[in-house]
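Peer 1: Sequence:
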Amino acid sequence: MMLMVMARPMMRGWYTSIYSNLLFHSSPAKQAFVPSSSSLSNRPKASSYLGSQSKSLIMSQSASAAAAAVGGGGDHEIPRFERPRYVAKRVLAESQKEGEGANVRRSIGRPELRNLDPFLLLDEFSVSPPAGFPDHPHRGFETVTYMLEGAFTHQDFAGHKGTISTGDVQWMTAGRGIIHSEMPAREGVQKGLQLWINLSSKDKMVEPRYQELLSKNISMAEKDGVEVQIIAGEAFGVQSPVYTRTPTMFLDFTMKPGAQLQQPIPDSWNSFVYIIEGEGIFGGEDSTPVTSHHCLVLSPGDGMRVWNKSAKQLRFVLIAGQPLNEPVVQYGPFVMNTQAEIRQAMEDYHYGRNGFEKARHWKSEPLLH
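Using UniProt numbering, the first residue of the sequence shown is number 1, and each one after it goes up by one.
Derived by calculation from the structure, the hints in this document are not laboratory data. Do not take every clue at face value.
Straight-line Cα separation of at most 30 Å, DSSO-like style, residue types lysine-lysine; simulated pairs [as the list claims (entries may be wrong)]:
| id | residue 1 | residue 2 |
| --- | --- | --- |
| 1 | 358 | 202 |
| 2 | 363 | 191 |
| 3 | 97 | 202 |
| 4 | 216 | 256 |
| 5 | 358 | 89 |
| 6 | 363 | 97 |
If you're wondering where the values come from, they're calculated on a predicted model, not measured in any experiment.
Taking the hints into account, I'd like the entire structure generated from these sequences.
Peer 2: Structure, rendered in structure tokens:
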């Protein structure tokens, strides 16, 4: 049945087209892309709010076990993988318009790669004022915003307001409902990554939670020409203190020319790489080099191998997560398990109930004049 968007006046009407190629999307209870041997192309100040005073996000027992399995161990010996991961699918993130005048390069969430359980979307954004992402709702998943350059300010209908700058991270669990804005905090071009992580059915209606992680508080490790910012998970024996309801690894690697890397990944997790800068060889040493703005879905296995044989530095993020194996029904900024739950989310937003009570009289404040 066709779902009609009942837009509230304060939404300015734009959210009916936000993430337009995600309307209307439904997936069964399995990952959207299942790498197989036959598909291998190269032989993948903490703060909380809304009823929570906790200084850290909730971590499940399964996440604890998975996090312990990641990294090189105390002696930092180079791991030897029994089943190294290869590139199973490659997607070029081409530029498109989103929000109000913003440019994004979308990799996950486009027709070639609808989702990769538990990941729903990955955008590399480039935004200059007055463009941005004005007031819009979310329900049923988490957003992770990682600033590569410049600064963005977040405002929400619970009264929270915060600015993240280069190297900072905003990790927001939308849960049962949030309305917020994400807008440039400075003149000039602001760049970053935004990742959407699905929540399990038992967590979709939790109270919203939020963390800001300043770059100076993000764990870092360096070895043999490779530097890594450890946003979530573990690398080189250093573990991030940050965990999510959906167990996730998020690592930002920079490799000098001539450097090589071997990074363990929990065997049962889905994983991908997004190349921010430079050119690298992923999976097998004789594989074809891949350049920036490509998303590489990795095959199953226990670890990833990378070589930088170019004359310039290589920068990429490695992201992995434990699959939920649940149905995904998505209508723009709402992600649930059934179409009935999507209809309920739209009604709740329209009538201001079940998590959207504060929406009726809220509007974000302008930032730049």
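Peer 1: It remains to establish, for every hint, whether it holds in the given structure.
Peer 2: Here's how the hints hold up against the structure:
1. 358 x 202: With Cα atoms ~23 Å apart, residue 358 and residue 202 stay inside 30 Å; holds.
2. 363 x 191: Between residue 363 and residue 191 the Cα gap is close to 25 Å, so the pair holds against 30 Å.
3. 97 x 202: violated (34 Å)
4. 216 x 256: At roughly 22 Å apart (the allowed maximum being 30 Å), residue 256 and residue 216 satisfy the hint.
5. 358 x 89: Not satisfied, since the Cα-Cα distance of roughly 42 Å exceeds 30 Å.
6. 363 x 97: Given that 30 Å is the threshold and the Cα spacing comes to 23 Å, the pair holds.
Hints 3 and 5, counting from the list given before, are not met by this structure.
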